[in-house]
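Q: Chains as they are written, first to last, in my numbering: chain P, 1 to 473; chain D, 1 to 473.
Read the hints as simulated data drawn from the structure, not as lab findings.
None of these values were measured; they are calculated from a predicted model.
Accuracy of the hints is not assured; some may be wrong.
Below, a list of computed lysine to aspartate or glutamate pairs in the EDC-like style, where the Cα atoms sit at most 16 angstroms apart [as the list claims (entries may be wrong)]:
hint : chain 1 : residue 1 : chain 2 : residue 2
1    : P       : K371      : D       : E218
2    : P       : K423      : P       : D255
3    : D       : K327      : P       : D97
4    : P       : K330      : D       : E162
5    : P       : K327      : D       : E296
6    : D       : K371      : P       : E296
7    : D       : K353      : D       : D376
8    : D       : K371      : P       : D297
Where chain P lies over chain D, by a calculated footprint (3+ residues, C-beta under 8 angstroms) [as the list claims (entries may be wrong)]:
hint : region
9    : 233–241
10   : 319–327
Label-pair ranges, simulated between beta-carbon atoms [to be verified]:
hint : chain 1 : residue 1 : chain 2 : residue 2 : range
11   : D       : K327      : P       : G56       : 25 to 31 angstroms
12   : D       : S444      : P       : A36       : 30 to 36 angstroms
13   : D       : A9        : P       : K327      : 36 to 42 angstroms
14   : P       : K327      : D       : C257      : 16 to 22 angstroms
15   : P       : D97       : D       : T295      : 36 to 42 angstroms
16   : D       : P95       : P       : G262      : 49 to 55 angstroms
17   : D       : P95       : P       : S20       : 51 to 57 angstroms
18   : P       : D100      : D       : T295      : 41 to 47 angstroms
19   : P       : A178      : D       : T295      : 51 to 57 angstroms
20   : P       : D100      : D       : Q24       : 22 to 28 angstroms
21   : P       : G114      : D       : T295      : 56 to 62 angstroms
22   : P       : Q259      : D       : S444      : 58 to 64 angstroms
Here a beta-carbon is modelled for each residue, glycine too, at the ideal position from N, C-alpha and C.
Number of protein chains: 2
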Amino acid sequence: MTTTQDVLAQLDQVFDSSVSRLAQWLSIPSVGTDPACNDDTRRAGQWLVDQLSAIGLEAQLAETPGHPVVMAHHPGPVGYAGPHILFYGHYDVQPADPLDLWKSPPFEPVIEDGPTGKRIVARGAADDKGQVMTFVEALRAWKDVTGEIPCRITCLVEGEEESGSVNLDNFLTDQREALVGTGAANGPCDFVVVSDTGMWDSNTPALTTMLRGLIYLEFILHGPSHDLHSGMAGGCVPNPINELTRIFGRLHDADRCIQIPGFYDDVQPLSDALRAEWEALGFDEQGFLTECGLTEDVGEYGYSLLERQWGRPTCDINGIVGGYTGKGAKTVIPATASVKVSCRLVPNQDPDKITQSFIEWVKAQVPPACKLEVLDHGSGRPFVMAPDSPYVEVARAGLEEDLGKRPVLMGCGGSIPVVESFKRILGLDALLVGFGLSDDRVHSPNEKFDLKCFNLGQRTHAALLSRFAGMQV
Amino acid sequence: MTTTQDVLAQLDQVFDSSVSRLAQWLSIPSVGTDPACNDDTRRAGQWLVDQLSAIGLEAQLAETPGHPVVMAHHPGPVGYAGPHILFYGHYDVQPADPLDLWKSPPFEPVIEDGPTGKRIVARGAADDKGQVMTFVEALRAWKDVTGEIPCRITCLVEGEEESGSVNLDNFLTDQREALVGTGAANGPCDFVVVSDTGMWDSNTPALTTMLRGLIYLEFILHGPSHDLHSGMAGGCVPNPINELTRIFGRLHDADRCIQIPGFYDDVQPLSDALRAEWEALGFDEQGFLTECGLTEDVGEYGYSLLERQWGRPTCDINGIVGGYTGKGAKTVIPATASVKVSCRLVPNQDPDKITQSFIEWVKAQVPPACKLEVLDHGSGRPFVMAPDSPYVEVARAGLEEDLGKRPVLMGCGGSIPVVESFKRILGLDALLVGFGLSDDRVHSPNEKFDLKCFNLGQRTHAALLSRFAGMQV
Numbered sequence: 001m002t003t004t005q006d007v008l009a010q011l012d013q014v015f016d017s018s019v020s021r022l023a024q025w026l027s028i029p030s031v032g033t034d035p036a037c038n039d040d041t042r043r044a045g046q047w048l049v050d051q052l053s054a055i056g057l058e059a060q061l062a063e064t065p066g067h068p069v070v071m072a073h074h075p076g077p078v079g080y081a082g083p084h085i086l087f088y089g090h091y092d093v094q095p096a097d098p099l100d101l102w103k104s105p106p107f108e109p110v111i112e113d114g115p116t117g118k119r120i121v122a123r124g125a126a127d128d129k130g131q132v133m134t135f136v137e138a139l140r141a142w143k144d145v146t147g148e149i150p151c152r153i154t155c156l157v158e159g160e161e162e163s164g165s166v167n168l169d170n171f172l173t174d175q176r177e178a179l180v181g182t183g184a185a186n187g188p189c190d191f192v193v194v195s196d197t198g199m200w201d202s203n204t205p206a207l208t209t210m211l212r213g214l215i216y217l218e219f220i221l222h223g224p225s226h227d228l229h230s231g232m233a234g235g236c237v238p239n240p241i242n243e244l245t246r247i248f249g250r251l252h253d254a255d256r257c258i259q260i261p262g263f264y265d266d267v268q269p270l271s272d273a274l275r276a277e278w279e280a281l282g283f284d285e286q287g288f289l290t291e292c293g294l295t296e297d298v299g300e301y302g303y304s305l306l307e308r309q310w311g312r313p314t315c316d317i318n319g320i321v322g323g324y325t326g327k328g329a330k331t332v333i334p335a336t337a338s339v340k341v342s343c344r345l346v347p348n349q350d351p352d353k354i355t356q357s358f359i360e361w362v363k364a365q366v367p368p369a370c371k372l373e374v375l376d377h378g379s380g381r382p383f384v385m386a387p388d389s390p391y392v393e394v395a396r397a398g399l400e401e402d403l404g405k406r407p408v409l410m411g412c413g414g415s416i417p418v419v420e421s422f423k424r425i426l427g428l429d430a431l432l433v434g435f436g437l438s439d440d441r442v443h444s445p446n447e448k449f450d451l452k453c454f455n456l457g458q459r460t461h462a463a464l465l466s467r468f469a470g471m472q473v
Numbered sequence: 001m002t003t004t005q006d007v008l009a010q011l012d013q014v015f016d017s018s019v020s021r022l023a024q025w026l027s028i029p030s031v032g033t034d035p036a037c038n039d040d041t042r043r044a045g046q047w048l049v050d051q052l053s054a055i056g057l058e059a060q061l062a063e064t065p066g067h068p069v070v071m072a073h074h075p076g077p078v079g080y081a082g083p084h085i086l087f088y089g090h091y092d093v094q095p096a097d098p099l100d101l102w103k104s105p106p107f108e109p110v111i112e113d114g115p116t117g118k119r120i121v122a123r124g125a126a127d128d129k130g131q132v133m134t135f136v137e138a139l140r141a142w143k144d145v146t147g148e149i150p151c152r153i154t155c156l157v158e159g160e161e162e163s164g165s166v167n168l169d170n171f172l173t174d175q176r177e178a179l180v181g182t183g184a185a186n187g188p189c190d191f192v193v194v195s196d197t198g199m200w201d202s203n204t205p206a207l208t209t210m211l212r213g214l215i216y217l218e219f220i221l222h223g224p225s226h227d228l229h230s231g232m233a234g235g236c237v238p239n240p241i242n243e244l245t246r247i248f249g250r251l252h253d254a255d256r257c258i259q260i261p262g263f264y265d266d267v268q269p270l271s272d273a274l275r276a277e278w279e280a281l282g283f284d285e286q287g288f289l290t291e292c293g294l295t296e297d298v299g300e301y302g303y304s305l306l307e308r309q310w311g312r313p314t315c316d317i318n319g320i321v322g323g324y325t326g327k328g329a330k331t332v333i334p335a336t337a338s339v340k341v342s343c344r345l346v347p348n349q350d351p352d353k354i355t356q357s358f359i360e361w362v363k364a365q366v367p368p369a370c371k372l373e374v375l376d377h378g379s380g381r382p383f384v385m386a387p388d389s390p391y392v393e394v395a396r397a398g399l400e401e402d403l404g405k406r407p408v409l410m411g412c413g414g415s416i417p418v419v420e421s422f423k424r425i426l427g428l429d430a431l432l433v434g435f436g437l438s439d440d441r442v443h444s445p446n447e448k449f450d451l452k453c454f455n456l457g458q459r460t461h462a463a464l465l466s467r468f469a470g471m472q473v
């Protein structure tokens, strides 16, 4: 592994310039959900195309009805016989609001000192530009040191992950033959590597083998045709906020079990072995709560905090609005009120079935005086990768040898619906190797990415490229 | 009652010129809440001082920290032994926006034809300049026909009603001795006459004897110190929106009875007599709902819609907000969520006691993991004037005899905080005799006042002045 060690040394040597490149990318406000950012979002995609081209990949923007996908390919060394890796990431970022809570402008990256060393602060630092760049910098180092890319790789970096990857399924379907067909020009991909998840802690890399699924619905309750004075109409007409809280106030029972009929019917119980492995991680519940600014938790009775985060389904109202929300008082009965609500699903739960049951449950509680409007903001199936997969085995053993650290197996409370899409449409399993930390404030003001994690990510991908190259497929 | 009939005839004869005077007053844009209108607001007050002076009252602008109060007095005939009436109204008007929805400029009054006859259209036509002028024109007619004002009267017409009468309580407190003290120079006032309410319909004058009180609270629930990703934290931390809906979803039971402990303890049940009188009004429930854009109602079981509006306490969430409220989806667990909520109270309920119980009820349901912040946006006591009050009796009988129409007794679902102030600070009951209609569009574009109502209002006050003058106090 002398070559791998040379590549790792190179990564350390040019680390500062890799941070500058990341900062440059982070300064492009690619808020994919905001039409005002459309030009910048495209520009962020093009920026990545240019980077990958410079490393020697054949790279381009592939159009979709929404934001384009960065597609890039490298055939690997002449006579390559190892697996063809499909790398996935995304270049779009979450909206930055509320802006006033940012200590520095979200698209003007700054390096600051944190308790575990330096970190880069900007929207998208960890989710997902910083993670994508761990892989890009690993490729660059291999190229710089050896003149070669050690693996056959295809990169697919989309611009709509924060928009629910609305066009990705169609894109994958269109590209199915090119990506996994027997006659694919570049040869069929063998598995997916995704960098959009977390490490166990800043010293312990992790492979994530379990992801929660997601459904996301919006319920808009319509009452009177226009806002009314609560003195004249209070007690006489349906108040959509009263009705909405009445319905959604019954989402959980006292044990925080979800009351949607049939919600738990298909849930795969956590095995004793998995519960034991997770237990052995020694998760610092108090530390987690402290990071959240809390002293106590709230959650489903009978499960540890980690089990609830990784292995149990949940339901959260993500947004609610109705009536007067300015300063002071206004005695109004509003015409409408609405909630945005999502469920995290675990292996074996069917998003369509849960969606259907959820909508029926709400509908049954709407009084005849109101009208219900339902918007479906998309869903993703839960994902589970067998812990005995050869890719998992090779990665765990190889990283232990090259980096001196054996990655732990984790679950993940979040959803990466694309992982499910890769499985369903392309038939490919995904290896989730990410470098985020739980305090990265992804989706929140002051998002950051530890430079230590950025470095470890680069080193991990560099080592994995070599290890995967050595596998027989 | 020959004299009264002469005065009524005079009112009819000079009605056109009274409309011109009202139009002149309406053309002064006295938007009290808009500092740009400060000069005009004062000018509108001075205009009324001049009108009252011309009729022979001692009138002036009394300064406050805000807009001045028009104060005017007349001792009544020599040797007068009847009650001293305190007349209340206001000369400030609501802002006119949205301007583009007005068919004619809001401060250029026009006379137009409506389904029930001619009406004057301008901001303030019904609320409250038109109503104040019903009383002023009645005084003028008495003076013109008899050379006398038949009653001892004090007029108090403020310029800050649409600003929440922010300086009125202090003003009344300062004037307490002068208005109701035993050594008051003008003698103590006996009761208040307010013209700022409505008629039953354009043919049926009404005395409003019941007003609902109000408490208005804001509850802000704090969970995590910052917004969290629902994938990472869902199921582990308190979600303030989940918790808030859980708590406020229990505000009402299935019969829409309010669940705050002790809420109904002090409620004075509606007497069978009052329920019968209200029932006899033949309220058009379906018409009311149609105006609200509804086909069905929602409200407390066991009461008619009118009873619920006038005589039963209610609780409505007037505003709610938390988390992501933009377009599309964001999987956030927010740091806070809040509701603004108000209760309409009925006679005998104590706003302080209800406020206390409400806050305790919410507090008891907040999980230890959350913090609760409570803002009190003020309260007003409910008001009731005994239907057997001598003033009510004299007014009903007198108007029936003089005008041929017996006023009906009404409740009002809204609050008129000044009525409570007169009671609390001066110890005076109020007789609410108003001439608005429910379609007057007060606070909305194209506010109007039916000339039929303007005329009936003048005639009503002319008759009442004579009837009250004949009472022994």
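Q: Each hint should be assessed against the structure and marked as holding or not.
A: Evaluation of the provided hints:
Between K371/P and E218/D, the direct Cα distance comes to roughly 27 angstroms. Violation of the 16 angstroms bound is thereby established for this hinted pair. Note on K423/P and D255/P: the hinted pairing is violated, with a Cα-Cα distance of about 35 angstroms set against a maximum of 16 angstroms. Using a Cα cut-off of 16 angstroms, the hinted pair K327/D and D97/P holds, with the two alpha carbons roughly 13 angstroms apart. Simply put, K330/P and E162/D have alpha-carbon atoms about 13 angstroms apart, close enough for the 16 angstroms limit, and the pair holds.
Distance hint between K327/P and E296/D is unfulfilled; the C-alpha atoms sit about 32 angstroms from each other, more than 16 angstroms. At roughly 11 angstroms between alpha-carbon atoms, K371/D and E296/P fall within 16 angstroms of each other, so this suggested pair holds. Restraint check for K353/D and D376/D: the C-alpha separation of about 13 angstroms stays at or below 16 angstroms, so the hint holds. Distance hint between K371/D and D297/P is fulfilled; the C-alpha atoms sit about 13 angstroms from each other, no more than 16 angstroms.
Counting residues of the region 233–241 of chain D whose CB lies closer than 8 angstroms to any CB of chain P gives 8, which reaches the minimum of 3, so the coverage claim holds. Here the region 319–327 of chain D counts 9 residues with a CB under 8 angstroms from a CB of chain P, which clears the bar of 3, and the coverage holds. For the hinted restraint 25 to 31 angstroms between K327/D and G56/P, the CB-CB distance of approximately 41 angstroms leaves it violated. Roughly 34 angstroms separates the CB atoms of S444/D and A36/P, a value that falls within the hinted 30 to 36 angstroms.
Distance hint for A9/D and K327/P: a CB-CB separation of about 53 angstroms, inconsistent with the stated range 36 to 42 angstroms. Taken as a hint, the range 16 to 22 angstroms is violated for the pair K327/P and C257/D, whose Cβ atoms sit roughly 32 angstroms apart. A hinted range of 36 to 42 angstroms holds for the C-beta pair D97/P and T295/D, which are about 39 angstroms apart. A beta carbon spacing of about 52 angstroms between P95/D and G262/P agrees with the range 49 to 55 angstroms that was offered as a hint.
As the Cβ distance of P95/D to S20/P is approximately 54 angstroms, the hint placing it in 51 to 57 angstroms holds. A hinted range of 41 to 47 angstroms for the beta carbons of D100/P and T295/D is consistent with their spacing of about 44 angstroms. Between A178/P and T295/D the C-beta distance comes to about 56 angstroms, which sits within the given range of 51 to 57 angstroms. Our hint of 22 to 28 angstroms for D100/P and Q24/D is violated, since their Cβ atoms are close to 49 angstroms apart.
For the pair G114/P and T295/D, the supplied restraint of 56 to 62 angstroms holds, since their beta-carbon distance comes to about 59 angstroms. In this structure the supplied range 58 to 64 angstroms is violated for Q259/P paired with S444/D, their Cβ-Cβ distance being about 42 angstroms.
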